[in-house]
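> Make a model of the complete structure from these sequences and hints.
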Amino acid sequence: MRIVSVWLPRWPILRFLAAQARNPSREPLDPERPFVLAVDAAGGARIAALNEAAESEGLEAGDLLADARAKAETLQVHAADRPADDAALRRLALWATRYTPVVAPFGEEGGADGFFLDVTGAAHLFGGEEALLADLAERLGRFGLLARLAIAGTAGSAWALSRFHSARAVILACGQEREALARLPIEALRLAPDTRRTLRRLGFKRVGALIDQPRAPFAARFEAELLQRLDQALGRVREPLLLIAPPPIYHRRRHLLEPIVTQEAIVAVASRLMQDLVDALVRDGVGARSLRLRLYRLDGEVTAIDVGLALPTRNPAHVSRLIGLKLERIVQSFDADFAYGFGFEALDLAVTVAERIEPRQLEMDAAAGAIEEERCAALLDSLGQRLGARRVRRLQPVASHLPERAEIGSAAAGRAPAWPAADETRPRPLFLFPRAEPAEVTALVPEGPPRRFRWRGAMHDVAHAQGPERIACEWWRHDQPTRDYYLVEDGEGRRFWLCREGLYGRETAEPRWFVHGLFA
Amino acid sequence: MPCYAELAVTTNFSFLRGGSHPQEMVAAAAELGLAAIGIADRNSFAGVVRAYGEARKRKIKLLAGTRLVTADGFEVLAYPTDRAAYGRLCRLLTAGNLKAKKGECCLGFDDVLAASEGQMLIALPPDRLSRDFTERLEALARAAPGRSFLAGAHRYRGDEPRRLGLLAELGDRAGAPLVAVNDVLYHAPERRPLADVLACIREKCTVAEAGLRLAIHAERHLKPPGEMARLFADFPQAIARGLQIADACRFSLGTLRYEYPDEPVPPDKTPQQHLQDLTWEGAHKRYPKDKYPEGIPADVERRLKEELALIAKLDYARYFLTVHDIVAFARRQEKEILCQGRGSAANSAVCYCLGITSVNPDKSNLLFARFISEKRDEPPDIDVDFEHERREEVIQYIYERYGRARAAICATVIHYRARRAIGEVGKALGLTPDVTAALAKTVWGHGEDLPDSHIRQAGLDPDNPVIRQAVTLANEVVGFPRHLSQHVGGFVLTRERLDETVPIGNAAMEKRTFIEWDKDDIDTLGLMKVDVLALGMLSCLRRGLDLLKIHYGEDRSLATLPQDDKTVYAMLSRADSVGVFQVESRAQMSMLPRLKPACFYDLVIEVAIVRPGPIQGDMVHPYLKRREGSEKVHYPSPDPAHGPADELKEVLKRTLGVPLFQEQAMQIAITAAQFTPDEADGLRRAMATFRHNGSIHLFRDQFIGGMTRRGYERKFAESCFGQIEGFGEYGFPESHAASFALLVYASAWMKCHYPDVFCAAILNSQPMGFYQPAQLVRDARQHGVEVREADVNFSEWDCTLEPVADGAHAVRLGFRQIQGLSEDELKKLVAGRGNGYASIERLAATAGVSRFTIERLAEADAFRSLKLDRRAALWAARRLDAIGIRKGGQRKGSSATDHSLPLLAHHMSDELFSEPEVALPVMQLGEQVAEDYAATGLSLKEHPVSFFRNHLERLGAISNKEHCREDLPQDSLITVAGLVLIRQRPGTAKGVVFMTIEDETGIANIIVWPKIFARNRRIVMTSRFLAVRGRLQRADLVIHVVAENFIDLTAELRRLRDGDLLVPGDTGTQACGPDLPLLKSRDFH
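Note that the protein sequences, when read in sequence, are chains W and Y. Just so we're aligned: the first sequence equals residues 1 to 520 in our numbering. Just so we're aligned: the second sequence equals residues 10001 to 11085 in our numbering.
Careful: at least some of the hints might be erroneous.
[Claimed, not checked] Take a look, some chain W residues computed to stay more than 10 angstroms from chain Y by CB distance:
no.: 1; residue: A137
no.: 2; residue: T262
no.: 3; residue: R329
no.: 4; residue: C376
[To be verified] Interface residues of chain W toward chain Y, partial, derived using beta-carbon atoms under 7 angstroms:
no.: 5; residue: L202
no.: 6; residue: A472
no.: 7; residue: W475
[Said to hold, decoys possible] Here are the simulated DMTMM-like cross-link-like pairs (lysine to aspartate or glutamate), alpha carbons at most 20 angstroms apart as the crow flies:
no.: 8; chain 1: Y; residue 1: K10941; chain 2: Y; residue 2: E11000
no.: 9; chain 1: W; residue 1: K205; chain 2: Y; residue 2: E11052
no.: 10; chain 1: Y; residue 1: K10990; chain 2: W; residue 2: E73
no.: 11; chain 1: Y; residue 1: K10204; chain 2: W; residue 2: D40
no.: 12; chain 1: Y; residue 1: K10827; chain 2: Y; residue 2: E10802
no.: 13; chain 1: Y; residue 1: K10566; chain 2: Y; residue 2: D10362
no.: 14; chain 1: Y; residue 1: K10529; chain 2: Y; residue 2: D10381
no.: 15; chain 1: Y; residue 1: K11011; chain 2: W; residue 2: E73
no.: 16; chain 1: Y; residue 1: K10427; chain 2: W; residue 2: D40
no.: 17; chain 1: Y; residue 1: K10204; chain 2: W; residue 2: E474
no.: 18; chain 1: W; residue 1: K71; chain 2: Y; residue 2: D11048
no.: 19; chain 1: Y; residue 1: K10519; chain 2: Y; residue 2: D10381
no.: 20; chain 1: W; residue 1: K205; chain 2: Y; residue 2: D10798
no.: 21; chain 1: Y; residue 1: K10827; chain 2: Y; residue 2: D10798
no.: 22; chain 1: Y; residue 1: K10101; chain 2: Y; residue 2: D10111
no.: 23; chain 1: W; residue 1: K71; chain 2: Y; residue 2: D10434
no.: 24; chain 1: Y; residue 1: K10057; chain 2: Y; residue 2: D10681
no.: 25; chain 1: Y; residue 1: K10427; chain 2: W; residue 2: E474
no.: 26; chain 1: W; residue 1: K205; chain 2: Y; residue 2: D10434
What the hints contain is simulated information worked out from the structure, not anything from laboratory work. Heads up, the beta-carbon is just placed ideally off N, CA and C, and yes, glycines get one too.
This is the structure in structure tokens:
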């Protein structure tokens, strides 16, 4: 057995900095200055991880944040995100399957900040163990990760050496575990903190002090964990590694006897491929949110077609229609020989993003709500295939009192947003102008309703008015005057949304008037 | 001229809802010319007294009411029309409070109906009118016909005429006509941002996220009558109804009359007579015939007569009797609870005879009349300190004797302080924790506001709009009430039901109830309060007196200690005062050798002089100089045209012409600055609340102006006022100082004559005082006391005394010194000990203690009597489970119920349990010491620093004992080293840090000036073991090292613990020791 242990010191810190670099909209962080990640704990927030600068200020993991702030005056603090750390570690471990399929991230007891690679019989593929470690170190370095690596005959000793050996990369020949471990502190055994503490109290500070002791007295005094860890590290018993499981792949391919050339034929094959995938999707309770169809041309060219969906689906008909639409666009925009030149000998269809589909009950009435949503999604998909997904947009509500800030246009993917129920006492116009348009208004001060107004050159006499509805500015953003809104109807039954900006007397002596929108 | 009364006002006592103080509301209402204002906070009367005080001043009618909010969200304003109705409301709220957890009130609609008699009820309609609301409104109108109303507010929502019309119709139909209100949240529209921020704090979101949870506009402010008339032009009756309601409410808080409880007075006597009987009876006990053959000293007798006459005149007898009743309870307990009164009236001859205080009036020469002003119509003030561990008994006695309906603790209003305000406001504005922390830090040790320069210091831009906003809003929030908490021990006792005077609620502590009003409110209304406080030193003295009786056969009490003992004063003059009450701090210790106390009154001064008041007033040095005789005693005097030259002599003569006590500063205000008694009273109040509102500055000009105008030196006037400002922080009146001085003397006497008793008593009373057990033990050993380690075969839970040769005793440390043990379990261990445990297995089998506890005992090295060192004991303890001795609990507290012995325990023999030998590594002495510290906080084996002596010598450090050598020249550059015991950064010291470090020979006092601190912040703040290079400074007996450089040696301590002190760190591996707290300093920021 040859196991590589990859230890990523300060993993949560590095992970956080990487996330920060990807998302520069967050406020700036100086990685050279003291910086800690904190978790909420009993008695107040505590330090979960810290950078070197913080450590040299005398801070330690586990310190109370309040104390830490008193010690380091300009401490930068962010919340630790353990699930994100774990997820990122899993992603990195998945990446490492490029060396060997047998990859296992460290568990809680191993610090959750690195992973094992079982490279038994695989190292020669990378030019030997030394070259493998060098390659691994270099590639991790490119991600900005300064890893400490060790390769040994057991996972336990590889872990111990990666953590406690002074060299960045260690190769330990088989059978040398005993000597190597003997010099290391007992922390190298991946024991529970309580066990570690008791061993130290009893004076067993290095692994060497334990190795040659009689076993029975220790078995009587400690959990089985102690001897088991020792045996595992020394290779006396096997340590099963918890392998990382790659995400399920939904993927089908069809080789065709005769090359196909027509759009209809391609759509038909794609539909069958989707049909083949349905079983697996149903089994896992998921649907496709994104698909990739690959077309293998006789001359070796491969064309990929990506299809995104507004809602997860398992419907082959829907998928094939979208593929048809897409092909049409391609055919129109490309040259004719896309399809007619050589023909395609194979097609494969893969689900690139799968999402959970909640089970749903049927409706007797086909036009009922849930179906409605599905039909809307199908429409969005079709429009999206034709126009480009980003061109299809819809409005979403925003919680704000200011009418122009109460909605925002965004990409129409996903479920329809829930709009608050209309409030009949506070009408909103069907059409809100992008900019309020100035108007000349006659009204009584301080807050009488408009009598008549001139807008876009035309004079309107007000027949009915309702209001004012008073809306003050969002003071933390801008200091704007308060507005009074009136719903007015002119003599011809046209309805306007008028707005007076500035409270007479309190904010201004001359309020300004606008028309902000029109009702149906 | 339109008339309007605003009846729906929510103040900031509806926490995180209202945006203005009650006083601001009332003041604004008066200015707008409202006919009346009704204050109604959510299920509470907490803010009405403040409003009442302001309304009295502004001469505006105040309606004290409450906004009843039921558990299912029905809201109704309730205004009592008379005293009885007010009482019903209080009881309603009390019942609701007691049903809910602290800070909440659980009301049902039916409860509201049941309490509706005599109330004016104004229902507040919800946003969406519902069938349910209509039904309730009808029910309300049926329950309170003619007194039920429906509130209508002009909300600027666009459909006001329609909605108000709807409400008017609904109200008429239901029999609860419409009344105009504005549902006020803040006194002026400018407070809207503040109200929004408060809403965000409440909802735990930022303003950007809050969305529709924020108010849509700023209309919920107090509006002038004209505007209200315009808004309700279509409903003039609604305005008129508000005025009618205001007229109908005749109840005023001023009619709450206070009456003392009757209990302590026997039915056939008047209170005064009973008090006199008790006093004379007590006097004969205090001055028994065998010691005072001629009876009560004439002087005392005269004073008793005078005091009793004054008490009779002011009708305070029942107050004294009530306090006496509480104290008598403590005294008659089987195990007497030690107590000691203090406060303005406590050091009277009457209180001495009643047993309320033990300060002999012979000694203190405090004049009672000085403390009770005849003009100030306000009850005398007596606080009583009890043993801190037994105060709860006294509290429960009070509850039991007077009933929970008549006795309760008063509240302390917890206000927003700058740091918290900026933290929460910053969060609501979306500032990151970093920025708010930086802002908050700028107030570290500073005052309460945030000037621009401080913001710049924190590396932030005060011109940045968000920061600007945060600071402005935070400054507004400062002083806002945050929540109510119970006062440390102030009890309000009444003759009638207290819950008909003020709502009572549950405290966070079990079995405690407290009222909604704080000390100031109670003062405003003239209610009586008795402070029942806890004092650790009394517990210590109680224990000491008990030990003295058992081991030395001396039966003493606080009042019967030998007086004026020269050796005690000599000890104090040497600053040998570790553990002595009040004078053990570093500042006190440096004062003692200069003051050289020689009599009881010197101790009174000693206690009072090291306080912010005298220090800020720059009174300390003049006093010391006059005492030494290097400066002439003279009394500042006014211009002869304005008054007699010796007008202050009477006030200042006992303190050599230098004002040191709070009362003296007050007297100066009256005598020299010619304050009226009312103004002086205002000054006194301002002093007490200085930290909250800073109103004391209003008196500055009057005080200094008044004195200079009368010909006093400006400098003297300014320093007097400086002192008053200092008192604002920690006022220290003479009467308190005298009570404390008695405890200083008592503890010093015990330490001086029975250091063994004192050591055991103070260890058993921890945590208390300034020093940790390690220093207390060390001090005892230096005074020749033998201290023995805790041991399973000798120790008890408490530290005990074991006889040694020539009548002295050794202190045996108790199990309480070992961290993490449960008292119950160890008591079982002691009970089952018999003639001693022969082995650890036997102990485990018989004692009924968990394995966790046995391991803790092993780690504390408590098995020495079984010939097991800590490692061997731990090794043996770990095996107990495996050989079936017991399946002990894993943690403390999981006590074992199974006392039966395992089958084989009787035949326990080596053969049965034999196992291969394991050689445990030998523990180095240094490691032993480190483990001792980890388990018990001290070591009797060696001082940790002694292991580093060679190392320290290489650094050029001298020992702390050496640095006291008299031949070291002043200002010489020396290096000392030690463990950091204490770090302090007192507010009065302008950023100077004081550290106390300790090595195996003694302690050294370090002073770090701000500049040096800034450069060495990390070491100063964090290191546990350090070397300091600095200048030696000596004044009298006090030696300081003024630091220039530091070396952090904390890492060395870890090596001590790891036992590889002598082994240089391995090169092949990274050092990795687990961090265990070896030593933690006491830090006072």
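> For the pair supplied as a hint, K10529 of chain Y and D10381 of chain Y, confirm whether the alpha-carbon distance does not exceed 20 angstroms.
The given pair, whose Cα atoms are some 8 angstroms apart, holds under the 20 angstroms limit.
> Take the shortest C-beta to C-beta distance between W475 of chain W and chain Y; is it under 7 angstroms?
At about 5 angstroms, which falls below the 7 angstroms cut-off, the nearest Cβ of chain Y leaves the hint on W475 of chain W intact, so it holds.
> Starting from K71 of chain W, check that the Cα of D10434 of chain Y is at most 20 angstroms away, please.
holds (14 angstroms)
> Hint check: K10057 of chain Y vs D10681 of chain Y, CA-CA at most 20 angstroms. Holds or violated?
holds (16 angstroms)
> Take a quick look at whether K10827 of chain Y and D10798 of chain Y sit within 20 angstroms of each other, Cα to Cα.
Between K10827 of chain Y and D10798 of chain Y the Cα gap is close to 10 angstroms, so the pair holds against 20 angstroms.
> Please work out if K205 of chain W and D10434 of chain Y have their alpha carbons no farther apart than 20 angstroms.
Distance of about 40 angstroms is beyond 20 angstroms: violated.
> Would the pair K10566 of chain Y and D10362 of chain Y pass a check requiring their Cα atoms to be no farther apart than 20 angstroms?
With a Cα-Cα distance of about 18 angstroms, the restraint between K10566 of chain Y and D10362 of chain Y holds, given a limit of 20 angstroms.
> K10941 of chain Y and E11000 of chain Y: Cα distance at most 20 angstroms?
Satisfied, since the Cα-Cα distance of roughly 11 angstroms is no more than 20 angstroms.
> Please verify that the nearest CB of chain Y lies beyond 10 angstroms from R329 of chain W's CB.
holds (41 angstroms)
> Tell me if the straight-line CA distance from K205 of chain W to D10798 of chain Y falls inside 20 angstroms.
violated (35 angstroms)
> Does the nearest C-beta of chain Y fall within a distance shorter than 7 angstroms of the C-beta of A472 of chain W?
Because about 4 angstroms separates A472 of chain W from the closest Cβ in chain Y, which is inside the 7 angstroms limit, the hint holds.
> When you look at the beta carbon of T262 of chain W, is every beta carbon of chain Y farther off than 10 angstroms?
holds (54 angstroms)
Violated hints for the displayed structure, listed by number in ascending order: 20, 26.
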